[in-house]
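Asks: Residue numbers (my numbering), protein chains in the order written: chain S, -11 to 261; chain P, -11 to 261; chain V, -11 to 261.
What the hints contain is simulated information worked out from the structure, not anything from laboratory work.
Every value quoted in this text rests on a predicted model; they were computed, and no experiment measured them.
Note that the Cβ used here is the ideal one computed from N, Cα and C, for glycine as well.
There may be inaccurate statements among the hints.
Stated by the list, open to error - Short derived list, chain P residues pointing at chain S, Cβ under 10 Å: (1) L(-9); (2) S17; (3) Q20; (4) Q27; (5) P29; (6) T35; (7) F38; (8) P45; (9) H163; (10) G168; (11) Y205; (12) E224; (13) G229.
Unchecked claim - Rough simulated footprint, nothing fancy, chain V against chain S, three-plus residues with beta-carbon under 8 Å: (14) 18 to 27; (15) 196 to 210.
To be verified - FRET-style restraints, in silico, Cβ to Cβ: (16) R128/P x T192/S: 54 to 60 Å; (17) R128/P x D103/S: 32 to 38 Å; (18) R151/P x S17/S: 28 to 34 Å; (19) A247/V x S17/S: 54 to 60 Å; (20) R243/P x R128/V: 56 to 62 Å; (21) P45/P x R128/S: 16 to 22 Å; (22) G229/V x D133/S: 27 to 33 Å; (23) H237/S x R235/P: 26 to 32 Å; (24) V138/V x P48/S: 28 to 34 Å.
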Amino acid sequence: MPLLTLLTDFGLDDWYVAAVKGVVLRSASGAQIVDISHQVPPGDVETAAFLLAAPFPTFPPGTVHLAVVDPGVGSDRRLLAARTHDASWLVAPDNGLLTCLLPEVDSLRSVERTDLFLSGPGRTFHGRDRFAPIAAALLRGEPWDSLGPVIGDPVRLAIAPPRREPGLLTGRVAHVDRYGNLVTDLPWSWLPAGPCRVEVASHTTASHATDRRVTHYAEIPPGEAAFLPGSLATVELSMNGENLACRWHVGRGARVQIATHFSPQATMKPVRG
Amino acid sequence: MPLLTLLTDFGLDDWYVAAVKGVVLRSASGAQIVDISHQVPPGDVETAAFLLAAPFPTFPPGTVHLAVVDPGVGSDRRLLAARTHDASWLVAPDNGLLTCLLPEVDSLRSVERTDLFLSGPGRTFHGRDRFAPIAAALLRGEPWDSLGPVIGDPVRLAIAPPRREPGLLTGRVAHVDRYGNLVTDLPWSWLPAGPCRVEVASHTTASHATDRRVTHYAEIPPGEAAFLPGSLATVELSMNGENLACRWHVGRGARVQIATHFSPQATMKPVRG
Amino acid sequence: MPLLTLLTDFGLDDWYVAAVKGVVLRSASGAQIVDISHQVPPGDVETAAFLLAAPFPTFPPGTVHLAVVDPGVGSDRRLLAARTHDASWLVAPDNGLLTCLLPEVDSLRSVERTDLFLSGPGRTFHGRDRFAPIAAALLRGEPWDSLGPVIGDPVRLAIAPPRREPGLLTGRVAHVDRYGNLVTDLPWSWLPAGPCRVEVASHTTASHATDRRVTHYAEIPPGEAAFLPGSLATVELSMNGENLACRWHVGRGARVQIATHFSPQATMKPVRG
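Okay, chain S solo, but in the shape it has when bound:
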C-alpha cells in the first residue's frame, strides 16, 4: 500500500488538510496517509524544512512526502518533485523547503504536468489543486520522467553549517521541542571524551552554559541544565521535567558554542553571564 506523509502550515482548525487528503484519495484510492504536522507557524519554511527531514529516515522506501508551506502560492515559483536515493519521493514548492533533504536527493524535477492539476477556483490553494494531484500521481506510480524537466538549482535556505575549530565548536539551536529541549545542529560525534562547556546565547538574552554531560533526561539533577546526545545524533541541551527553552529564554537560531578544551576545575557550575 503506498504511503504518503503530509506536512503543512494549514493548522488543525480548518478544512484545508482534509481537502488535500480528499483529492489524494480521490485519485490514489487506498493510499495510507501519515501526518507529520500541520502546526508549522504560517509561512515558516525553515521550521518545515527541519520537520520534513527529521522523521524522513524512519519511513520505508517508496513513501511520498508532501510538504506545503507555501507563502508564494499562486506566483510563478516552481513546484518541485524529487526522487531520493532510497526511492522515496518528495513534493514541495521551490522555496527552500527541501534544503535539509537535498543530500538525499537523487533526481529533482520542476513539475509542469498541467493535465494533472485541478483548475481552481482561485490561485490560493495549490495544496489542493496542484500538490495533492502531484503526490497522487507518484502514489499511483506515474512515470517519473513524465512529470517535468530535471532541474539543478532549487532554492536553498541560507542556514550556516556548524563549524569545528581546535577547542571550539560553533553551531546553533536548530529546533526547540515541546519539552523545551534545545536541539542543536552540532554533531555529537564532534565532541571529545573529556570535559566540555556548552554555552548558548542569543541577541536578546544573556548567555547560559553547562558543563554537565549526561546520557538521558532522568540523570539530570533537578533545576539544572545538561547536555546529551539527542535523537538526531546532535548535541541537545535539556532539563529534567522542566522547560529549558523557557528557563533560559532562548529559541531557534540561538548561537551554541562548545569549548572542548574546557577545564572543569576552573568553573564547575553553569555560569549565567
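Based on these hints, arrange chains P and V on the given structure of chain S.
Replies: Frame of chain S, contents of chains P and V only:
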C-alpha cells in the same frame, strides 16, 4: 475501501475522538478515516456546517461524512443520515449542521434503528453510542431504506444569503482561517471586471476597506490589504504574510459590502471609517 | 488488518509522532493507526493512564495500544507489554501508565528483545527506537512468549479508589474534558434513587455543590450546575453550554462528596461555602 471523514468539537486532548473511531472500526473493519477537524469551538454548529461543506467536493463518491457537534445530545433531537447526489453519505444531529450541504442532498432520513445503537452508559456520548454505529452501518453498505423514515424538515441555520443589487453586493465574513484571511460568502463571479471597493465592518469595529484586487497573496504589497478569488470561489480579503483578521479586528459574521461602481479616482486608499 | 492506537505527550507541532509511525509502518506494513491523543501534558503519566483506559473497550480485539509518556526514557525503567483478556495488547514504559487497565491484563512481560530495538542515536527517543519496534512486532504476530520474562510487579499509580459509606460517597474529579465537564470516579450505580447532594472542593477553592440530577446536558437550566450519568458510567458534573471547571475553578484531583441521605427541603439551592 470505504472512506469516513470525521468532524467534531471533541478537541484533540481527550479520548472522545478515539472512542468514535474504535466503535467504527469494530464493526466496519478496514474503513479509512480522515479527520476534517476536532477543533470546532464547543457547540458551534455554524462553524461545523461550514467546515463540513468546504472539503466535501474533494472526496470521492461513496465517502461517509460524520459530523458530531451536538449540544442537544441525549435530548429528543433527531439523528440524521443523508444520501447526496454523488452517492456520498452524511451523518449528523438534526441541529442545522447539514445546512450548507442541503443542496447536495438527494434523500434524508431520521435514523431510528435502535438495534444499531450501543446502550450507553449515559446519554452524553451519542458520538460513540449512536453516530459511530450509524456511520459504520453505511460503511458496511447497510440498505439505505432500512435506516429510518424519510424526512423533509431538517433544522436549518438562519444564515442570510448574500445579496446582489445594482452597484452593491452585500454579504458576510463566512470564515476566518489560520492565516487571518477573511473568506466571504460573496461569489467571485458576481464581481464586474472594473474597479471595486470592498468594505468590512462589524458591530464592534470601525469599517475597513480596500480597492486592491490581486490574484494571489504574494502580489499584495507589505502592510496592505487586498481582495482576491479564494479557494471556495468567493471573494477573500487578505494581507501578505500578516493576519488581516487581527489587524482589522474582525471575525466571522462581519458585514461585507462591495461597491461595484466604485470610482477609484475618488478614494484611492483604504479608508478607516 | 492489524490496528494500532497511539497515545503520547509528544505534541502535534513536532516530528516525534511521525517518527514512531514511520518505524511501525516500516516493519508492519499496512497497519492502521488511530491517534488517541498526543497532547498529554509533558510527563503527566496519570492523565495518560486515564486516556489510555477510557476508549479501550471500544476497540476490537487484537488491537495494539501503544502509550509513550516516558520521563524516565533512557534509564533502566522496564519496557512493558501486556496481553489483555480480550486478546488485545498494551505497550508502555513501566511507570504506572497501565494502572487503570491492569484489571484487563491477562499476562504482563518485561520486553528484553534487544534484537528488535533500533540502536539510537541517543537514549532520548525510545518511542522511536524501542516502543515502535515492540508494537510492530505485536502487529506482525511475533510470538508473545518470545518478548521477555513474565513479571508481576508493574509500577502502579497511587490513586485512592472511591469510598462508599452509609449516606456518603467520597471520590475525586478523575478528568476534566474540553467542555469543562467534571468526570468523577464515583460509579453512577452507587447513587440511590432519592435526592443527592454532590459537593466538589479542592485545596485552593471554596466548595461548590448541586442537588440537581439530570440525564443530559440540554436539560440543565442556564447558569446552573447539575450531575448526570457520564459516558464512563460515573457521576459527571456539568453546565449547559458553559464550562463548569472554569466557573468553579476546579480541576483533576478535586475531592467529590455525595450526600445520599440529603434532604432537599433543607437546602434547595447549590451552596457556595
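Asks: If a hint holds in the structure, say so; if it does not, say that too.
Replies: Do the hints match the structure? See the list:
For L(-9)/P, the suggested interface contact is upheld, since its CB lies about 6 Å from the closest CB of chain S, less than 10 Å. This hint is violated: S17/P has a C-beta 15 Å from the nearest C-beta of chain S, more than the 10 Å allowed. Contact between Q20/P and chain S, as hinted, is supported at the beta carbon level, the nearest pair being about 7 Å apart and thus within 10 Å. Because the beta carbon of Q27/P sits about 4 Å from the nearest beta carbon in chain S, less than 10 Å, this interface hint is met.
Among the interface hints, the one on P29/P holds; its C-beta lies about 9 Å from the nearest C-beta in chain S, closer than the 10 Å criterion. Checking T35/P against chain S: minimum C-beta separation of about 9 Å stays under 10 Å; hint holds. A hinted interface residue such as F38/P counts as satisfied when its beta carbon comes closer than 10 Å to some beta carbon of chain S; here the least separation is about 8 Å, so the hint holds. For the restraint placing P45/P at the interface with chain S, the shortest Cβ-Cβ distance is roughly 8 Å, inside the 10 Å limit, so the hint holds.
Hint status for H163/P relative to chain S: holds, with the closest Cβ pair at about 8 Å, below 10 Å. For the restraint placing G168/P at the interface with chain S, the shortest Cβ-Cβ distance is roughly 8 Å, inside the 10 Å limit, so the hint holds. Interface hint at Y205/P: satisfied, since its Cβ lies 7 Å from the closest Cβ of chain S, which is below the 10 Å cut-off. Interface restraint check for E224/P: the shortest CB-CB distance to chain S comes to about 7 Å, inside 10 Å, so the restraint holds.
The restraint placing G229/P at the interface with chain S holds, with a minimum CB-CB distance near 6 Å, inside the 10 Å limit. With 7 residues bearing a CB less than 8 Å from a CB of chain V, the region 18 to 27 of chain S meets the requirement of three and the coverage assertion stands. Using a Cβ-Cβ cut-off of 8 Å, 5 residues of the region 196 to 210 of chain S lie near chain V, which meets the minimum of three, so the contact claim holds. The hinted window of 54 to 60 Å between R128/P and T192/S holds, with their beta carbons roughly 58 Å apart.
For R128/P and D103/S, the hinted distance range of 32 to 38 Å is satisfied, since their beta carbons lie about 37 Å from each other. Between R151/P and S17/S the CB atoms are about 42 Å apart, so this pair departs from the stated range of 28 to 34 Å. A hinted range of 54 to 60 Å holds for the C-beta pair A247/V and S17/S, which are about 59 Å apart. Checked against the hint of 56 to 62 Å, the pair R243/P and R128/V passes, with Cβ atoms roughly 59 Å apart.
In this structure the hint that P45/P and R128/S lie 16 to 22 Å apart at CB holds, the actual value being about 21 Å. The hinted window of 27 to 33 Å between G229/V and D133/S is violated, with their beta carbons roughly 58 Å apart. A hinted range of 26 to 32 Å for the beta carbons of H237/S and R235/P is consistent with their spacing of about 28 Å. V138/V and P48/S have their C-beta atoms about 33 Å apart, which keeps the hinted 28 to 34 Å range intact.
Hints 2, 18 and 22 from the list above are not met by this structure, while the remaining hints are.
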